[in-house]
Amino acid sequence: MIGTLKSLWAVGLKLFAPTQTQGYPEVKPALAPRYRGRIILSRDPDGQERCVACNLCAVVCPVDCIEVVKAETVEGRWYPETFRINFARCIFCGLCEEACPTAAIQLTPDFELADYARSSLVYDKPDLLIAGKGKYPGYRYWDVAGKTAPPNTDPKDLAP
Amino acid sequence: MTVRLTIDGRQVEAQEGEDLLTACTNAGVEVPHFCWHRAMGSIGACRLCAVKVRRHEADPGTIEMACMIPVADGQHIDIADPEAAAFRGHVIEWLMRNHPHDCAVCEEGGDCRLQDMTIASGHHLRRAGPDKRIHRNQYLGPLITHEMNRCIACYRCTRFYRGVAGGRDLDVFGAHDRVYFGRAEDGVLESPFAGNLAEICPTGVFNDRGWSKVYARPWDMLETPSVCPHCAVGCNIGLSVRANRLRRVISRSHPAINADFLCDRGRYGPLFIEGPSALKAARHHGHAVPLRTALDQAQEAIAVSAALGGAIGIGSPRASLEANYALRRLVGPEHFFAGLDAAEVALHRRLAAHLANASIASLADIAAADAILVLGEDLTGTAPMAALAVRQASRAAERALAAEKHVPAFLDNAVRVAGEGRRAPLVLVTPVPDALDAIATHPLRRAPADIAGFGHAIAAALAGKRADPDASAAAAALAAASAPVIIAGAGLGDPAVLDAAAAIATALNPRARLALFPAEANSLGLALLGGEGLEAAADVPGRGAVVVLENDLHSRCDPATIARLFADRAVIALDCVETATTAIAHTVVPVASFADAAGTCINHEGRAQRTIAARPDSAPAAWRVLAAFGGGAEAGLDDLQVALARDCPQFAAIAAAAPAASYRTPSGRIARAPARFSGRTASDSAGGDAAPPRDPDSPFSWTMEGGALPAELFQGVRILAAAALPPPAQAPAIGGAGLILIPLHDPFSVSETDRASTILAARAPGPQLRLHPADAARLKLAEGAIVSVEGRTVPLVLDKHIPIGHAGLTTRRTTPRRLMPEGSK
Numbered sequence: 001m002i003g004t005l006k007s008l009w010a011v012g013l014k015l016f017a018p019t020q021t022q023g024y025p026e027v028k029p030a031l032a033p034r035y036r037g038r039i040i041l042s043r044d045p046d047g048q049e050r051c052v053a054c055n056l057c058a059v060v061c062p063v064d065c066i067e068v069v070k071a072e073t074v075e076g077r078w079y080p081e082t083f084r085i086n087f088a089r090c091i092f093c094g095l096c097e098e099a100c101p102t103a104a105i106q107l108t109p110d111f112e113l114a115d116y117a118r119s120s121l122v123y124d125k126p127d128l129l130i131a132g133k134g135k136y137p138g139y140r141y142w143d144v145a146g147k148t149a150p151p152n153t154d155p156k157d158l159a160p
Numbered sequence: 001m002t003v004r005l006t007i008d009g010r011q012v013e014a015q016e017g018e019d020l021l022t023a024c025t026n027a028g029v030e031v032p033h034f035c036w037h038r039a040m041g042s043i044g045a046c047r048l049c050a051v052k053v054r055r056h057e058a059d060p061g062t063i064e065m066a067c068m069i070p071v072a073d074g075q076h077i078d079i080a081d082p083e084a085a086a087f088r089g090h091v092i093e094w095l096m097r098n099h100p101h102d103c104a105v106c107e108e109g110g111d112c113r114l115q116d117m118t119i120a121s122g123h124h125l126r127r128a129g130p131d132k133r134i135h136r137n138q139y140l141g142p143l144i145t146h147e148m149n150r151c152i153a154c155y156r157c158t159r160f161y162r163g164v165a166g167g168r169d170l171d172v173f174g175a176h177d178r179v180y181f182g183r184a185e186d187g188v189l190e191s192p193f194a195g196n197l198a199e200i201c202p203t204g205v206f207n208d209r210g211w212s213k214v215y216a217r218p219w220d221m222l223e224t225p226s227v228c229p230h231c232a233v234g235c236n237i238g239l240s241v242r243a244n245r246l247r248r249v250i251s252r253s254h255p256a257i258n259a260d261f262l263c264d265r266g267r268y269g270p271l272f273i274e275g276p277s278a279l280k281a282a283r284h285h286g287h288a289v290p291l292r293t294a295l296d297q298a299q300e301a302i303a304v305s306a307a308l309g310g311a312i313g314i315g316s317p318r319a320s321l322e323a324n325y326a327l328r329r330l331v332g333p334e335h336f337f338a339g340l341d342a343a344e345v346a347l348h349r350r351l352a353a354h355l356a357n358a359s360i361a362s363l364a365d366i367a368a369a370d371a372i373l374v375l376g377e378d379l380t381g382t383a384p385m386a387a388l389a390v391r392q393a394s395r396a397a398e399r400a401l402a403a404e405k406h407v408p409a410f411l412d413n414a415v416r417v418a419g420e421g422r423r424a425p426l427v428l429v430t431p432v433p434d435a436l437d438a439i440a441t442h443p444l445r446r447a448p449a450d451i452a453g454f455g456h457a458i459a460a461a462l463a464g465k466r467a468d469p470d471a472s473a474a475a476a477a478l479a480a481a482s483a484p485v486i487i488a489g490a491g492l493g494d495p496a497v498l499d500a501a502a503a504i505a506t507a508l509n510p511r512a513r514l515a516l517f518p519a520e521a522n523s524l525g526l527a528l529l530g531g532e533g534l535e536a537a538a539d540v541p542g543r544g545a546v547v548v549l550e551n552d553l554h555s556r557c558d559p560a561t562i563a564r565l566f567a568d569r570a571v572i573a574l575d576c577v578e579t580a581t582t583a584i585a586h587t588v589v590p591v592a593s594f595a596d597a598a599g600t601c602i603n604h605e606g607r608a609q610r611t612i613a614a615r616p617d618s619a620p621a622a623w624r625v626l627a628a629f630g631g632g633a634e635a636g637l638d639d640l641q642v643a644l645a646r647d648c649p650q651f652a653a654i655a656a657a658a659p660a661a662s663y664r665t666p667s668g669r670i671a672r673a674p675a676r677f678s679g680r681t682a683s684d685s686a687g688g689d690a691a692p693p694r695d696p697d698s699p700f701s702w703t704m705e706g707g708a709l710p711a712e713l714f715q716g717v718r719i720l721a722a723a724a725l726p727p728p729a730q731a732p733a734i735g736g737a738g739l740i741l742i743p744l745h746d747p748f749s750v751s752e753t754d755r756a757s758t759i760l761a762a763r764a765p766g767p768q769l770r771l772h773p774a775d776a777a778r779l780k781l782a783e784g785a786i787v788s789v790e791g792r793t794v795p796l797v798l799d800k801h802i803p804i805g806h807a808g809l810t811t812r813r814t815t816p817r818r819l820m821p822e823g824s825k
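As given, the protein sequences belong to chains S and Z, one line each in that order.
As numbered in the working numbering, residues 1 to 160 make up the first sequence, in order.
As numbered in the working numbering, residues 1 to 825 make up the second sequence, in order.
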């Protein structure tokens, strides 16, 4: 009898506690920038796409939902001809972002991916590539790849 | 003599005279290394194979380069010793000091020794800044990319290119930390073995340009073992496929054939199946039709042929044995023809008979020979890997001299210095200067018709009779050898050369081995299956259909014979590439290439080797199509081989060439895909996916499910049994007017399939006519003129090495004949 009353008291007190329920979708939740939601491809400070189609995201993906096909520009720079992520399979683990050497692939705080057709969840490069730099504003892979000559190099020095 | 050592506490036996690295590798213990290669020995350039060596149990030990010191009894080798491991870690850090951090954009990434060794040595963080030594890269031709910044100066490339393959135009320049591996100036690498640089480079300096264009990471490709279809050597290759596209070809080690390397024709030729002239769509009377319609039309034409004298089948040395057999069964043995002209049929029949009665030399035997006679064959053009084996054999004398001076055999550079450039006897008898001249001790020139006579003179000299001085010298060199090899082939189209080679081998019995190279991948199989020449096919009365199997008849015989053969008949062409024959056929049926169908080819040593489908989605196998035409109900290759063995007992053993489709590893089928295959679910939608395809003809799965490849089961089986030698073929009469043909063989382009490979076509110089200036002047032709010969137009090159009265022509049909070159308008 006393136990029942105690329970009623405890539950009744909740009537006066502040509410946790949020009125989603009318009220959007505030998510941390590190939140692992929809995946995007970013661009470097020059506006060039960062992805070099190295395939490391594809190989690290535990559900194998990323497919990248390499192509090469006339200058010999690699870029992805195809970049496809199947969000019906993605588990938002963020391993692709960790593996990416160019900071191209990034997870964003957008989780609103629901759709009526599974095929709409297969995102191709135009769906993934954004105009901005994402979380790493100053990063340019080619500056640290060790392949470009320092600015004051004597060209004769590069010959055999 | 064996010595006993202790490697990381484990008792191991090794052969005296070996280096420690070889001993460890043979014992299954991995020692980190870059510059050492089992085919090239030790040079001690990379300093990575540092191990702690103790002379006896209590010895504190010293750090030694495992590749540079010989094994000794009682040695203790500690690979995991902390001091040695730290030393290796420092070496890696030094190498990484100037290596760019561009693995992300390097084709080698994922299959890179430097990557593996860097991770294994624990060098995870760099202490040096991103500034590196920078080099300018070179353009090295259409086959190989060059990214010199990645170089770690292991010297493998120049040691292979110059030391193994005999190339001259790749070298090392500079000094101390600025050495540069490349050509003196940009340009196409000349060696027909340059493609091996991509495999031999432990990092990404040299890479396969063709693969780079359709790149997929090494872990992302289905790997299928196969056999090169581009010459009679039958090198073992691996085909790498992703998304139903063949992306690269790599060498697959076979101890008797190609242990480590592959020629460029073998590496880039198979890409013809992805070229623009790959035959993909069926046609009927010039109109594209569905495959089913073309098959029905073809079957009907064959069915109505019964009332018109029966259908004729034209086989092919390019097609598999099973496809040729299925065609022979469909049309009957008396209506099955070999798809070659009569002279070439007789030539290959004779070649098969000589091999059946000889002690056959494999490529491994050639490389181990101490004297070689090449009779009439341009090996670099007709069987490039055999030429590479000859190059290794010619170093036997160098090795012998070094051994006399007590230089350990594994010290590659020391052996070369101590060997004083001595060459083992190599007697090279060819009509024109040869790529092997530089290493030949007896480079001899004879007109094509005189080569057989010269061979018989050597045989006579060996029997103690008098002969001309050249023949006597050659005979003396061969007689003094303990393991001589006699090499000839179909390159000159002259059966008398084969007889002469066999006579010399017989005179040297039992020491000598014989290697006779047929013209094409399955020439020997076709010769053993039977079938007369195209002239006989043209003489068959009646109006039944002609079924042409994977063969461009226009490169086999003169146009008049083709016109006679095709007159009033329905022509059905089955092929995997567009040819002049498919262009005029009434019904064209696309069939699987060697890379898309299981089948068997017989190589130059009579070894039956199996190809296996490498792409899951392709045209049907030719043998399956032909068996269905005849109402055959074989479900797979194994059933067809049972029928083949029943009808042709000479092929009873071919089922042993590779495991049957029912074979299972302890983990089930053999997995084509590596365990880390990526992107499988990138396009699928759960629940709606079809089951992965099945391969009914092989024990392979198309996925990563299954066990590892049991390589030892895929080495083929020798099937030649001793047979009676047919009477010597009549010397081909080549009367009439005109210049006598000297067939020229291009290491990059021989057949229609070579030319269909875009990347190989970019490397091949194209067909030529070469004339002596005197002959050209007589015919009023000038250098560079476009000349019409045998219905082809080719550019003329003046060459004073062509004997007067002869004409060198790049041609596949080697039958001795005369040419009448004419200036083209």
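One thing to keep in mind: the hints can contain errors.
Part of the chain Z face toward chain S, derived, beta carbon under 10 angstroms [claimed, not checked]:
no., residue
1, Ala104
2, Cys106
3, Ala120
4, Gly122
5, His123
6, His124
7, Asp131
8, Ile134
9, Glu147
10, His176
11, Asp177
12, Lys213
13, Val214
14, Arg217
15, Ser683
Pulled from the structure, derived: some chain S residues nowhere near chain Z, Cβ distances all over 12 angstroms [stated by the list, open to error]:
no., residue
16, Ile2
17, Trp9
18, Thr19
19, Glu26
20, Ala88
21, Gly94
22, Glu97
23, Pro126
24, Gly134
These aren't lab readings, by the way, just hints derived from the structure by calculation.
C-beta: ideal position from N, C-alpha, C; glycine also.
So, going through the hints one by one against the coordinates:
Because the closest C-beta pair between Ala104/Z and chain S is about 4 angstroms apart, less than 10 angstroms, the hint holds. A hinted interface residue such as Cys106/Z counts as satisfied when its beta carbon comes closer than 10 angstroms to some beta carbon of chain S; here the least separation is about 9 angstroms, so the hint holds. For Ala120/Z, the shortest C-beta to C-beta distance to chain S is roughly 19 angstroms, which exceeds 10 angstroms, and the interface hint is violated. Restraint check, Gly122/Z versus chain S: the minimum CB separation of about 20 angstroms is more than 10 angstroms; hint violated.
Given hint, His123/Z at the interface with chain S, is violated; its Cβ is 15 angstroms from that chain's nearest Cβ, farther than 10 angstroms. At its closest, the beta carbon of His124/Z sits 14 angstroms from a beta carbon of chain S; the interface hint therefore is violated under the 10 angstroms criterion. Evaluation of the Asp131/Z hint against chain S yields a held restraint, the C-beta minimum of about 6 angstroms falling below 10 angstroms. This hint holds: Ile134/Z has a C-beta 4 angstroms from the nearest C-beta of chain S, less than the 10 angstroms allowed.
About 9 angstroms separates the beta-carbon of Glu147/Z from the nearest beta-carbon of chain S, less than 10 angstroms, and the hint is met. For His176/Z, the interface hint is violated, since its Cβ never comes within 10 angstroms of a Cβ in chain S; the closest pair sits about 14 angstroms apart. The beta carbon of Asp177/Z comes no nearer than 13 angstroms to any beta carbon in chain S, farther than 10 angstroms, and the hint placing it at the interface is violated. Using the Cβ-Cβ criterion of 10 angstroms, the hint placing Lys213/Z at the interface with chain S is satisfied: the shortest such distance is roughly 8 angstroms.
For Val214/Z, the suggested interface contact is upheld, since its CB lies about 9 angstroms from the closest CB of chain S, less than 10 angstroms. At its closest, the beta carbon of Arg217/Z sits 5 angstroms from a beta carbon of chain S; the interface hint therefore holds under the 10 angstroms criterion. Restraint check, Ser683/Z versus chain S: the minimum CB separation of about 6 angstroms is within 10 angstroms; hint holds. Once the 12 angstroms rule is applied to beta carbons, Ile2/S is consistent with being away from chain Z; the minimum gap is 53 angstroms.
Look at Trp9/S: its CB is around 48 angstroms from the nearest CB on chain Z, clear of 12 angstroms, so calling it non-interface holds up. Separation of Thr19/S from chain Z is adequate, the least Cβ-Cβ distance of about 37 angstroms exceeding the 12 angstroms criterion. Under the 12 angstroms C-beta cut-off, the non-interface status given to Glu26/S relative to chain Z holds; the minimum distance is some 31 angstroms. The beta carbon of Ala88/S is not kept farther than 12 angstroms from every beta carbon of chain Z, the shortest such distance being approximately 6 angstroms.
Its beta-carbon lying about 17 angstroms from the closest one in chain Z, Gly94/S satisfies the requirement of being farther than 12 angstroms from that chain. A cut-off of 12 angstroms between C-beta atoms confirms that Glu97/S is not in contact with chain Z; the least separation is 15 angstroms. For Pro126/S, the requirement that its beta carbon stay farther than 12 angstroms from each beta carbon of chain Z is met, with the minimum near 16 angstroms. Every beta carbon of chain Z lies more than 12 angstroms from that of Gly134/S, the smallest distance being close to 17 angstroms; the non-interface claim holds.
The structure is inconsistent with the numbered hints 3, 4, 5, 6, 10, 11 and 20, although it conforms to all the rest.
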